[in-house]
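Colleague: Chains as they are written, first to last, in the working numbering: chain A, 49 to 237; chain B, 925 to 1372; chain C, 403 to 1349; chain D, 404 to 686.
Worth flagging that the hints you see were computed from the coordinates, not collected in a lab.
Because the structure is a prediction, the values reported are computed rather than measured.
One should not assume that every hint holds.
[Unchecked claim] Sample of chain B residues at the chain A side, in silico, Cβ under 8 Å: (1) ASN938; (2) ILE941; (3) THR1091; (4) GLY1130; (5) GLY1133; (6) VAL1143; (7) SER1366.
Note that beta-carbon positions come from the ideal geometry of N, C-alpha and C, so glycine has one too.
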Amino acid sequence: MLDKNLIVGVYDNEDNLMSTVGRLRKKGVEIFDCFTPYPVHNLDKEMGIKRSNLTVGAFICGSLGFLSGTLLQFYMMTNHLGTFKSWPMNIGGKPMDYLMLPSMMPVMFELTILFTAFGIGILFFIRSRMIHGKIAAILDPRQTQDRLLIAIEPGHLGISRDELNQILKEEGAIELRERKDGEQVVINV
Amino acid sequence: MYEASIRKPLVTGNKTITDISDDICRPIENKPTKLWYLGFTISFIFLGIMGVSLAWTTWEGIGTWGVNKTIMWGWDITNFVFWVGIGHAGTLISAILLLFRQKWRMAINRSAEAMTIFAVMCAAIFPLFHMGRVWLGYWPLPLPNAFGSLWVNFNSPLLWDVFAISTYFSVSLLFWYLGLIPDIATVRDRATTKARKFWYGFFAMGWDGSARTWHRYEVVSLILAGVSTPLVLSVHTIVSFDFATSVIPGWHTTIFPPYFVAGAIFSGFGMVLTLLVIARSVLKLTDYITVEHLEAMTKVVMLTGSMVGLAYLTEFFIAQYSGVEYEQYAFLNRATGPYWWAYWTMMTCNLLAPQVFWFKWARTTPWFIFIMSIVVNIGMWFERFVIIVTSLHRDYLPSSWAMYSPTITEVGIFLGTMGLFFTCFFLFSKYLPVVNMSEMKSIVKSRE
Amino acid sequence: MKHALPYLEKPDNVTPGIPLYYATSCGVYNEGFPIVAKVREGRPIKLDGNDKSTLSNGGLDAIGQASILSLYDVNRLPNPLIKGVETNNWNEVDKEVINKLKAVSVEGKKIAVVTPSATGPVLQSAVNNFVNAYAGAEHISYDPISYSGILDANEASFGKRVIPNYQFSKADVIVSFGADFLGTWISPVRFQSDYSAKRVPTADNRKMSLHIQVESLLSVTGTNADHRFTMQDSQEGIYLMSLYNALAKNTGATQLRSTGDKELPGNGIKQIAEALLNAKGRSLVISKSNNKDHQVLVNHINMMLGNYGNAIDINKPYLSSTYSETKFEALVAGLQNGTFGGVVFVNTNPLYSYHNATALEKGLDNASVVISTSMVQDETSSKAAVHAPDNHFLESWDIKEPLKGHFVFSQPVMTRVFNTRQVIESLNIWAGSQVSSEEGSYKLVKEYFANNIGGDWKQAIHDGIAEVSTILSNVEGEIENAMLSLNSTVDVAAIESGAKKTGDLELILYQKVGPRDGTWSVNPWCHEMPDPVTKVCYDNYVTISKPDAEKLGIANGDMVSISSKNASIDKIPALVQPGQVRGTLGLAVGYGRNVNQKMDNDLRDLGHNAYPFVEMPGSSNSMVITSGIKIEKVGGNYEFALTQTHDTIEGRGHLREATLEEYKANPKVRNEHSHHLISLWNEHDLSTGHHWGMAIDMNACTGCGSCVVSCSIENNVPVVGRDEVRRRREMHWIRIDRYYSFGGSNGKSMTRQNDVDAASADLYEDVEVVYQPVMCQHCDHAPCETVCPVLATTHSSEGLNQMTYNRCIGTKYCGNNCPYKVRRFNWFRYNMNDKYDYHFNNELGRMVLNPDVTVRSRGVMEKCSFCVQNIQSAKLKAKKENRNLSDGDAQTACAKACPSNAIIFGDMNDPNSRISAIKKDERSYHMLEEVNTAPSVVYMTKIRNKK
Amino acid sequence: MSSTFYSSSTLVAVLILILVLLIIAGILYGIENNLKNLLRDKDPGSVESSYYQRVIKPVVSEWNPTIVTLVVIAFVVVIGGIYGFKFGMEEVGVQQGYSPDQPINFSHKIHAGTHKIDCQYCHSTASNSRHASIPSANTCMNCHAGVQKRDADGNVSVEIQKIYDAIGFDAETSKYIDGYEQKPIKWVRIHNLPDLAYFNHSQHVAIGKVECQTCHGPIEEMDKVFQFATLQMGWCVNCHRQRSVDMENNKYYEDLHSDLKSKGKHYISVAENGGLECGKCHY
């Protein structure tokens, strides 16, 4: 991403960005990405981003958590599996089989939550290729503050550069930029 | 997009998104005020007291506390439950209110979540150090015992606690950190010094505000909020099991889980109010954390206070109605025994005091809210003291009845956790954006 | 690197790891008491009663149990001292002593050998040798506690200066005027076992003896009485005369006097007389008074009731004391005026316990030579020019004769710890006899045995006792009981004048069960054990009745000053004692010892010496001071080290009591209602193998505290000191809960503190007491086990609640969740810690530790284990001997120690065991049954013999 | 030596070594690369693009940084965990193979192996006491009063002389020296159970009929004794699980045996008889 060549339109207003995205999409322009300082509602739909599959991941992780919570306790505490079969124990006269299920529930529940939360967190970071210390590919230092950016790959335009520039200008881009071989070129609007 | 005509705006002062970045990043980018230094120094001294007290406890033994053969838990577990309770508001605000689409939470959820994390840190100190052999504190983890394959006891509510508290802490931390990433990126991109650029860059995890990431980010937030909601309810439920599953009259009661959860929300909001009333003026954030926010929170305080009060009365009634002499005595003893003052402090602070919030003036006067929030904190601390100490000090056999008073060490640890809490909070207010900028921006953007 | 040092030449009988048991005698009681010492690898670690002897029946009281520690006392003198300088050469000591004594003899001055009055025959002959060797030498006895009232009265009545043999097992009605025979009077262990044998109604025999106590302070014995009347001790004579007259009216004897009879509050005299007359010949009247006239009167009452030959045996008397004050008074005078020039104090310490210690001190300063043989540097030995320390009784050979014809043998169970020499040898050497340094006292003892007792020496030493009937029949002046007649008359005038009221408060000096007369009280176990009645550890205090306290404005714990004509204490806490008669103060002796203490702990400067208050109204000293007592509040408050701060049961059902009548009508009284206990799940099968259980008979328990000390010794329970007890952190695994109820004599007892507080102060005199020993109940549904996060406490297949110290991390949750509050936490490290400078903190003291029980580190929980080490070793022994485990093989320390058999331990799965039978008894119930903890300990309803 | 996993420090050491070598290799490779880059900057044609430039870099740049980091962290945690476990084992005093020098070079191989002296001749208390106990010197003297193993010069063997020195025996006159100040022999304990565990030899030797070798190893082949077993709780417990209780030949078990028979059980392991319960060894 750092060495991709991009054409960038800079906005200071989400409405302008949205209409730009709408217009370009209608023209068949493949939008590389948008960069906004806050989540812009419906931008994802406008850009045609498919609904993320992370929810499925969360469900799988949660199921894993539930399963491990159950197995962990059945293994460690009951005479059905593992430990207590070989090490039977009498703890306050309490049962050491599936009947102790009620006292297993808190841990089963907590592990389900733990696995879900951390599972989805890690999946999110993996999917977004985020990790501590990663250097961000910043197109404009204000893109995380008050500027909204649209980025288009020059190779996937579908329309001419001029037309593109025209559309961006019309929709209120306050700046146009281009990045070539890692270097920024500013084209003032 | 959000502009309800009936309600007052959530952000006042005609702020633009540029203003938001400037205003909220100001404390990070500028030198701290004298007030900050003063507060931080005091907090840090208290943190030092905690260090000394804990070291003394570990060196000498639990005997340095006031606990005895009858009352084996005193201030330690009282403080533990107190802090865990406080730790409930943050996740509640960010998770449940997120699910309910309550936008007023946006101004306060960051600091409330921070408070949660710090409070749980404070809380964790107590169960750890109340162990006689703290150096073996890892034994409750499900680790095998030296090839005998002897594990831990999942019947024990303490073990449930271990899982619940550690899950709660780590999930809250994740949730909080996830919310911070875009804001850290903002600070990173505004950074003027190398160090700031490096460290904020390190923790921003390469965030660039891509629309695709934002899309996934929102999905993750929603799921985390979804799992945090039952989590937050489960944590205090499980903490209440420590008592509810025991045989001690005054502990052994089924009302505890809902009652503890309501109490936790109550105390959590109390502490949030305490912090925010100060923070909004010290950090000059009155435009973001408005009186409207405070009012909304006082309503929650009043509601949960009344719920807790109802629980107090219910358990008293049930004890008398049960016909069990030990139960009856335990509750009468709370109200009329040697610790009557604790009981009536609790009743006054938790049941009666919040009723003033029926009045609009009380809900909208920050200094009064501040005082009331302190009252709530005190009341909730006493609730835990009442439950733990007065139940234990007179249980079944009168021969073992005893009294308990804390030692300087215990007081030191408690004050020390206050120090830890505020030290963390001061550091947080200096180094991290105390208001969620990206969310705030999404509220104001349309008014440019 | 750990080393192992085997023997070079292993003694044949020593097997490392296997305990040896030796019968010997306990020197805490000067008269000797038969005990068995458990010895591991050459060091004794536990003392228990010798069950071959009728004196102990296997029981041993608290101070006897605790005395083992005096063997390992770092305060003991390691070498003899000559003028305060240590020497390891006994020849030098002997030379010095003989020279000095000869000089005194030559001077024409007298030499006194001061021994306890119960010397035993071997020491007596050594003393005789000594007396014969020096012209002017004289044997003088000295006891801190005098029974000369009884002795003199019996001399007057029967011509025999003896303490008769009281047999409580033969008495259906026991009337005691102030005598604390279950706690401190004469031979409490023997009395307890005799007494409790008659106090336990069973399914076959629903009877028990009637015990009436008339007393001023609340003694251990008083707490066990069925009826308790209060009197001021000054009025004892009057009441005794009134009783005599009431009895005489019925038996037709002449009245002592026509007027002036007095009735006890609650018609006591009438009731006592009725009860006694119903049990003529099956009753016993005793009095603690040290007044000869009172005791003569008691003799007359017993004679009238026909108790001689039944409950009282004058022909087989106790030889525990023959002390006569007159001779010792003469010694003190003689020392002051110079007729006595030398004194040899043989294990006596009058400078501490003699009432006129200043006079004695002056006298000793005058004396040319003072020699002491005490084991530690005590008050008297500080005046000694030569200090020739005696062996500890566990290092000695000796013969004692506590009861006529009942010999108890001492044998050393350990080689000498220090360079000491048995006083029997010392006296013989100083008398010029040749004593072989190797055989020493062994030879003397064996010779005495051969010459005077006879029989199988080995068997005698093995058994530790020998009862010789031949001696009895040869006793001079043997009186046929049937022909017994009284030669004495009751001195009515003397009694009347003695009872003149001055209007002052009275001060009663008494002994406490722990420290007793103070001779052996420099012992942490004696003080860490709470007083059975007040539950105060470590201190002495002035007990005061509630009305008096209110009148004087004294609250519990207020500091007061107390003074008499002779003595005063500036600052001592006052304790408001229920059951105490108004107008009387109580003060315990046995405190205020001034011993050269090498350890820095709470035994230093402990309490105040009360002996200076003792008065000498006639030929006998008196611990009842009736005039000149002043008490004043001096400001300041003192926090008692109490192990129990709440005294009433609050109307709860964990402690059940009923009257004998109710019990006879319905043996299941108080236990009729049984809870419907259901379990949510299947029970674990505990029916195979053993299932250990315990029964506590609250009727037999006298609250003496012997079990508490025994348990501490057996299980290495640390001593924690006064401050920790104040913080309610005593470590005892077994405790004896003492509950008061008030107003019982009116048939309606109050057990709720609020009611009691609201009632008038007068009610405080009318108190009833129950003792309930509580230890871990080994619940089959143990609440503690469920809550331990790390499985440090689990249940065994034998029904034991096991505490695994090494797995414990110390969350203390189990302790909280225990409804019986029997779990103890190691708040600090109590071993090798200078802050707890008791025997755990020095090499010598740690030799008393039981090697089979772990010494707990700080931060772990501990509790009663049912002495699992004994269970395991009993099982192993049975396996090795290829036999079934029989009932009684496995014993807990508390059950073994209990003189009254209140604690029964055994296998509940064994249908023939005692515990199985008791479980079926109607009186049995589980404490807090309704919590459904399914305990393995059963309690038996307390039955009081009253209407 | 046993090849049990946790007791072999070699594995851990090798793994750490490999890790260090890899890091060094990486650093060296980085330096080389930098130098090449410098050269290339000067004169692009002079150095052909490296293998890294051509093959690895394109692949690596496509690697998901998150996954790579997680894998590295997991690796470090596993290695650290193994090392920590090993360290912990040493800390709690597991000292299998411990074989210290003894004051007398006593050879079990000669006594128990060659001469076939019964173990309990010397360790006589093993069958009736908690301790097997080291024999007292007079046990040695039972034989060594006569057996003296002299060398060519007629001197008594050095090791045997040590016994004589301890107990006071004159080899020349074959008499004990009167009034000799005896010096105890300071043997070094090899088998050290912690105080918190109660172990009774007689239970195992006399009742359980366990061979000495089961726990102490082939002692009759050892010149110098070493600790054969780990003496860990798991080791104890495994044996308890495997061995059965011999109920037939001890009357103690009579009741229990008939009880069990009536419940249809004929074989019972030590474990089933309560041999796994904490309170059987820890009190």
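Colleague: Now look at each hint and say whether the structure bears it out.
Modeller: To see whether the hints hold, each was checked on the structure:
no. : hint    : verdict
1   : ASN938  : 15 Å, violated
2   : ILE941  : 5 Å, holds
3   : THR1091 : 4 Å, holds
4   : GLY1130 : 3 Å, holds
5   : GLY1133 : 4 Å, holds
6   : VAL1143 : 5 Å, holds
7   : SER1366 : 5 Å, holds
Comparing the model with each earlier hint shows a violation of hint 1 alone; every other hint is respected.
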